[in-house]
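With the sequences and hints as input, model every part of the structure.
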Amino acid sequence: MTGFESFVGVNPWTALFTFCNLLITFAVLKKFLFQPVRQMIDDRQKEVDQMYAQAAQAQQAAQTLEAEYKGRLQNIHDEQDALLREATARARQREEEIVQAARDEAQGLRAAAEADIAQARKKAVHDLKDEIGGIAVEIASKVVEREIRETDHQALIDSFIQNVGDAS
Amino acid sequence: MTGPKIYGVIPLFGGIPITQTAVSSFVVMLLLCTAGVLLGYGLQKRPSRRQALVEKGVSMLYGLVEDTMGKHNAYWAPYIGALFLSSICGTYIGMTGILRSTTADLSTTATWAVMTSFLCWGCSIRANGFLGWLKGFTEPVAVMTPMNLVSEIAQPISMAFRHFGNIAGGGVLTSLLYSALAAASSMVLGLIGKSVVISALLLAAGVLLLAAGLRGCRRALACKIAGAVCAATGALALLGLTGVPYLEVGVPGILSLYFDVFSGGVQALVFSLLTMVYVGSACPPPEET
Chain C
0 MTGFESFVGV
10 NPWTALFTFC
20 NLLITFAVLK
30 KFLFQPVRQM
40 IDDRQKEVDQ
50 MYAQAAQAQQ
60 AAQTLEAEYK
70 GRLQNIHDEQ
80 DALLREATAR
90 ARQREEEIVQ
100 AARDEAQGLR
110 AAAEADIAQA
120 RKKAVHDLKD
130 EIGGIAVEIA
140 SKVVEREIRE
150 TDHQALIDSF
160 IQNVGDAS
Chain S
0 MTGPKIYGVI
10 PLFGGIPITQ
20 TAVSSFVVML
30 LLCTAGVLLG
40 YGLQKRPSRR
50 QALVEKGVSM
60 LYGLVEDTMG
70 KHNAYWAPYI
80 GALFLSSICG
90 TYIGMTGILR
100 STTADLSTTA
110 TWAVMTSFLC
120 WGCSIRANGF
130 LGWLKGFTEP
140 VAVMTPMNLV
150 SEIAQPISMA
160 FRHFGNIAGG
170 GVLTSLLYSA
180 LAAASSMVLG
190 LIGKSVVISA
200 LLLAAGVLLL
210 AAGLRGCRRA
220 LACKIAGAVC
230 AATGALALLG
240 LTGVPYLEVG
250 VPGILSLYFD
260 VFSGGVQALV
270 FSLLTMVYVG
280 SACPPPEET
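Chains as they are written, first to last, in numbering that gives the first Met the number 0: chain C, 0 to 167; chain S, 0 to 288.
Any given hint could be a false lead.
Facing chain C, a subset of chain S residues (Cβ under 8 Å, in silico) [claimed, not checked]:
hint: 1; residue: LEU31
hint: 2; residue: ALA51
hint: 3; residue: GLU54
hint: 4; residue: TYR78
hint: 5; residue: SER106
hint: 6; residue: GLY121
hint: 7; residue: CYS122
hint: 8; residue: SER123
Chain S regions said to be covered by chain C (calculated; three or more residues, Cβ under 8 Å) [as the list claims (entries may be wrong)]:
hint: 9; segment: 12-25
hint: 10; segment: 32-42
hint: 11; segment: 55-62
hint: 12; segment: 82-96
Below, in silico cross-link-like pairs of lysine-lysine (DSBU-like), each with a Cα-Cα straight-line distance of 35 Å or less [what the hints assert, rightly or not]:
hint: 13; chain 1: C; residue 1: LYS141; chain 2: C; residue 2: LYS122
hint: 14; chain 1: S; residue 1: LYS4; chain 2: C; residue 2: LYS45
hint: 15; chain 1: C; residue 1: LYS30; chain 2: S; residue 2: LYS193
hint: 16; chain 1: S; residue 1: LYS4; chain 2: C; residue 2: LYS30
hint: 17; chain 1: C; residue 1: LYS128; chain 2: C; residue 2: LYS141
hint: 18; chain 1: S; residue 1: LYS70; chain 2: C; residue 2: LYS29
hint: 19; chain 1: S; residue 1: LYS44; chain 2: S; residue 2: LYS4
hint: 20; chain 1: S; residue 1: LYS55; chain 2: C; residue 2: LYS45
hint: 21; chain 1: S; residue 1: LYS70; chain 2: C; residue 2: LYS30
hint: 22; chain 1: S; residue 1: LYS55; chain 2: S; residue 2: LYS70
hint: 23; chain 1: C; residue 1: LYS121; chain 2: C; residue 2: LYS141
hint: 24; chain 1: C; residue 1: LYS29; chain 2: S; residue 2: LYS55
hint: 25; chain 1: S; residue 1: LYS70; chain 2: C; residue 2: LYS45
hint: 26; chain 1: S; residue 1: LYS44; chain 2: S; residue 2: LYS55
hint: 27; chain 1: C; residue 1: LYS30; chain 2: C; residue 2: LYS45
hint: 28; chain 1: S; residue 1: LYS70; chain 2: S; residue 2: LYS134
hint: 29; chain 1: S; residue 1: LYS223; chain 2: C; residue 2: LYS30
hint: 30; chain 1: C; residue 1: LYS29; chain 2: S; residue 2: LYS44
hint: 31; chain 1: C; residue 1: LYS29; chain 2: S; residue 2: LYS4
These are computed hints drawn from the structure, not numbers from a lab. Where a beta carbon is used, it is the ideal one built from N, C-alpha and C, also for glycine.
Below, the structure written as structure tokens:
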């Protein structure tokens, strides 16, 4: 049987079909379109949020590390400076000690040398005196043609030598 | 005007008529389900262009529902989306010419409107309890009870008839226009066909106008249209084909843009919005604890 429904009217069977169709459409769209898409958007949002949080955290950590390393570097610099200063001071002190020691040693050496010289001189003068005395006696004996006894004229010789020594 | 065609009757339960509306409704459901499954298939974290569009649409739907009904009612979005898509596709399927718009049948819109009402009542009962829901009719004063009852009954009726009336009215106007244009063309052809000279002159003028329009004079489009109409009139009159409703070409298409495309979209939106508003007001935001 074919025919037409009335233009304005409600057919209960059509209404039932429409109801079922809307419910099916709703269920299928919800299950296969809206929920998965929504889930995907939420997941992505979550992931993005997480990434941003991680990035912020990483930045925070990096800044902390940077501050820490800067501090450490500063400490190292300070330490280095202190070490250098100490080393310089120690070196200067050591230098002074060495110089002082060298000076002292030189002083000692000089004093010893001077003493030696003085002694040698004294000895030389002594030797010379004796020799000159001998020579003088010889010359004198030659001059006077006679034996001059050294012991007899000791006083004369001595005064002579004394004069010679003073003159030299 | 007639309603939807009855294709046949299933001899069960005293005869189940298979109407055009029921068939269209099944077709729409199948189309929407297929499209939904295809569009929701193979989602990835890094979206393709198709997925980006789908996500945009779904986000817009959720945004609209959250704006209208509040954040706590976002779970209504799938129902609203299914209703909106069923409505708009049910209207647009009438443009195929084979099937009839499901929304041009009061059975469909009334069903949807009653569903909206039942959802409202269900939400109200869930929120306030059965007695609380009944008590709601006596507010703000007991005298208002009949008014409240009437408005509660009038709400689905007005929704159903608004949607049905707009779509069916568009269809009625379109068919009226078709018959008017057919009458006009047979009248014009009958008048001009009486004289061969006038027909030939009209044909010649039409060809000239058409040629001018094609060469690109001023108002080329108007020249082309007028030329084509005149030439067709002359030719048909000369051939004596007075029964050809040639004036039906063109004008109904432009009107269909309004009555089917625009009106269908607007009515689907209005129906969904009203459902959102009614159900949203029946589901108040949860009490702040």
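Against the structure, the hints come out as follows:
1. Below 8 Å, beta-carbon pairs count as interface contacts, and S/LEU31 has one with chain C at about 5 Å; its hint therefore holds.
2. Among the interface hints, the one on S/ALA51 is violated; its C-beta lies about 11 Å from the nearest C-beta in chain C, farther than the 8 Å criterion.
3. For the restraint placing S/GLU54 at the interface with chain C, the shortest Cβ-Cβ distance is roughly 6 Å, inside the 8 Å limit, so the hint holds.
4. Of the supplied interface hints, the one on S/TYR78 holds, with its beta-carbon coming within about 5 Å of a beta-carbon of chain C, less than 8 Å.
5. The interface hint given for S/SER106 holds, since its Cβ lies 4 Å from the closest Cβ of chain C, which is under the 8 Å cut-off.
6. Contact between S/GLY121 and chain C, as hinted, is not supported at the beta carbon level, the nearest pair being about 14 Å apart and thus beyond 8 Å.
7. Interface restraint check for S/CYS122: the shortest CB-CB distance to chain C comes to about 16 Å, outside 8 Å, so the restraint is violated.
8. At about 21 Å, the closest approach between the beta carbon of S/SER123 and any beta carbon in chain C exceeds 8 Å, and the interface hint on this residue is violated.
9. Check result for the segment 12-25 of chain S against chain C: holds, 7 residues qualifying (beta carbon to beta carbon below 8 Å, three or more required).
10. Counting residues of the segment 32-42 of chain S whose C-beta sits closer than 8 Å to any C-beta of chain C gives 7, which meets the bar of three, so the coverage hint holds.
11. As drawn, the segment 55-62 of chain S meets chain C at 4 residues by the rule of a beta-carbon pair under 8 Å; at three or more, the given contact holds.
12. Counting residues of the segment 82-96 of chain S whose CB lies closer than 8 Å to any CB of chain C gives 3, so the stated coverage by that chain holds, three being the minimum.
13. At most 35 Å may separate the alpha-carbon atoms for a hinted pair to count; C/LYS141 and C/LYS122 meet this at roughly 28 Å.
14. About 52 Å separates the Cα atoms of S/LYS4 and C/LYS45, which puts this hinted pair outside 35 Å; it is violated.
15. The suggested pairing of C/LYS30 with S/LYS193 is violated, with an alpha-carbon distance near 67 Å, which exceeds 35 Å.
16. Restraint check for S/LYS4 and C/LYS30: satisfied, since their Cα atoms lie roughly 34 Å apart, inside the 35 Å limit.
17. With a C-alpha separation of about 19 Å, the suggested pair C/LYS128 and C/LYS141 falls inside the 35 Å cut-off, and the hint holds.
18. Between the alpha carbons of S/LYS70 and C/LYS29 the distance comes to roughly 18 Å, so the proposed pair stays at or under 35 Å and holds.
19. With a C-alpha separation of about 48 Å, the suggested pairing of S/LYS44 with S/LYS4 is violated against the 35 Å cut-off.
20. For the suggested pair S/LYS55 and C/LYS45, the alpha carbons sit about 17 Å apart, so the restraint of at most 35 Å is met.
21. Annotation: proposed proximity of S/LYS70 to C/LYS30 holds, straight-line Cα distance about 21 Å (limit 35 Å).
22. Of the pairs offered as hints, the one joining S/LYS55 and S/LYS70 holds, with about 18 Å between alpha carbons and a cut-off of 35 Å not exceeded.
23. As the CA atoms of C/LYS121 and C/LYS141 are separated by approximately 30 Å, the hinted pair is consistent with the 35 Å bound.
24. Distance hint between C/LYS29 and S/LYS55 is fulfilled; the C-alpha atoms sit about 16 Å from each other, no more than 35 Å.
25. Among the hinted pairs, S/LYS70 with C/LYS45 is consistent with the structure: their alpha-carbon atoms are about 18 Å apart, no more than 35 Å.
26. At most 35 Å may separate the alpha-carbon atoms for a hinted pair to count; S/LYS44 and S/LYS55 meet this at roughly 14 Å.
27. Restraint check: the Cα-Cα separation between C/LYS30 and C/LYS45 comes to about 21 Å, which is no more than 35 Å; the hinted pair holds.
28. Note on S/LYS70 and S/LYS134: the hinted pairing holds, with a Cα-Cα distance of about 27 Å set against a maximum of 35 Å.
29. Annotation: proposed proximity of S/LYS223 to C/LYS30 is violated, straight-line Cα distance about 53 Å (limit 35 Å).
30. Distance restraint check for C/LYS29 and S/LYS44: the Cα-Cα separation of roughly 20 Å lies within the 35 Å cut-off, and the hinted pair is therefore satisfied.
31. Annotation: proposed proximity of C/LYS29 to S/LYS4 holds, straight-line Cα distance about 32 Å (limit 35 Å).
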